[in-house]
Each structure stands twice: as structure tokens, then as C-alpha cells.
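Asks: Sequence:
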Amino acid sequence: MSIVTDSGRMIAEQIHWARTPIGQLRGLIGRDFRLGEALLLPHCPQIHTAFLAYPIDVAFCSGSEQAGYRVLSIQTLTPWQVSRFVPGVTLAIEMRISSPLPSLEAGCVLILR
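Sequential numbering from 618 applies to the sequence shown in my numbering.
Hints were generated in silico from the structure; no laboratory data involved. Every residue gets a Cβ at the ideal spot worked out from N, C-alpha and C, and that includes glycine. Incorrect hints may have been included.
Claimed, not checked - The calculated label-pair distances, taken between Cβ atoms and stated as ranges, are:
1) T637 <-> A667: 16 to 24 Å
2) D649 <-> G724: 27 to 35 Å
3) D623 <-> A667: 29 to 37 Å
4) P696 <-> D623: 29 to 37 Å
5) P696 <-> S624: 30 to 38 Å
Based on the provided sequences and hints, a complete structural model is requested.
Replies: The structure is reproduced here in C-alpha cells:
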């Protein structure tokens, strides 16, 4: 499965889900994600980078898998930071820094396919 914009631009070539509370707490800790990979965290309006060895880009989105996810906020976090709380989030997308996420604008629609 991958993530593309509603205009067809590739954002992530491979996705991984963190659907459990433990999976969401762990996030990217101890994982060696490559560029082009993303971790998806459902209903996660705030994230942390404690114990993470590298900076990440995060997109906070609202919506659904069927209708697409509208970007509410994009944040770049270095290790040992906590993101701003973003109300209304139904999906957080974490990727290594230098991902395409920072080039997106709030309101952009992302599609899982």
C-alpha cells in the first residue's frame, strides 16, 4: 500500500500501521525506516520522538481511508520533542526527515492505495 496526493504525487511507497496502543507508543523507535516508508498512527493527535535516533516529518490528517485524508498540520521534530496537539486528527503519518511531507500544504488530500 502507498500514499499519494489527490493529484497523483507519490508521498510514500510503502506504509506500516501502528494500530495498537503499544504500537503507537513505540512508533518509529528502534525501526530503521528508509525514505519512502511511512508509519500510520490512527487517532493520534500528538506524537513524541523520545528515544528516537533521527528527526522525522509528521502529517496530522482528518478523514477516512475511503474518502481520503485532509492534511491539517505538518511538523518536523528532532529527537526528544513532543509535537503540538492537533484536534480532530484521525491519522498521523510519520516519515524520516527529507520526506515529501513538508512540501504539502494544509488542506491537501492524501489517498491510500
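Asks: Now tell me, hint by hint, if it's right for this structure.
Replies: Okay, the hints, checked on the actual structure:
1. Here the CB-CB span from T637 to A667 is close to 18 Å, well matched to the stated 16 to 24 Å.
2. In this structure the supplied range 27 to 35 Å holds for D649 paired with G724, their Cβ-Cβ distance being about 32 Å.
3. At about 34 Å, the CB distance of D623 to A667 agrees with the hint of 29 to 37 Å.
4. Evaluation of the 29 to 37 Å hint for P696 and D623 yields a pass: the beta carbon distance comes to about 32 Å.
5. Look at P696 against S624: about 33 Å separates their beta carbons, and that is inside 30 to 38 Å.
Taken one by one, the earlier hints all hold for this structure without exception.
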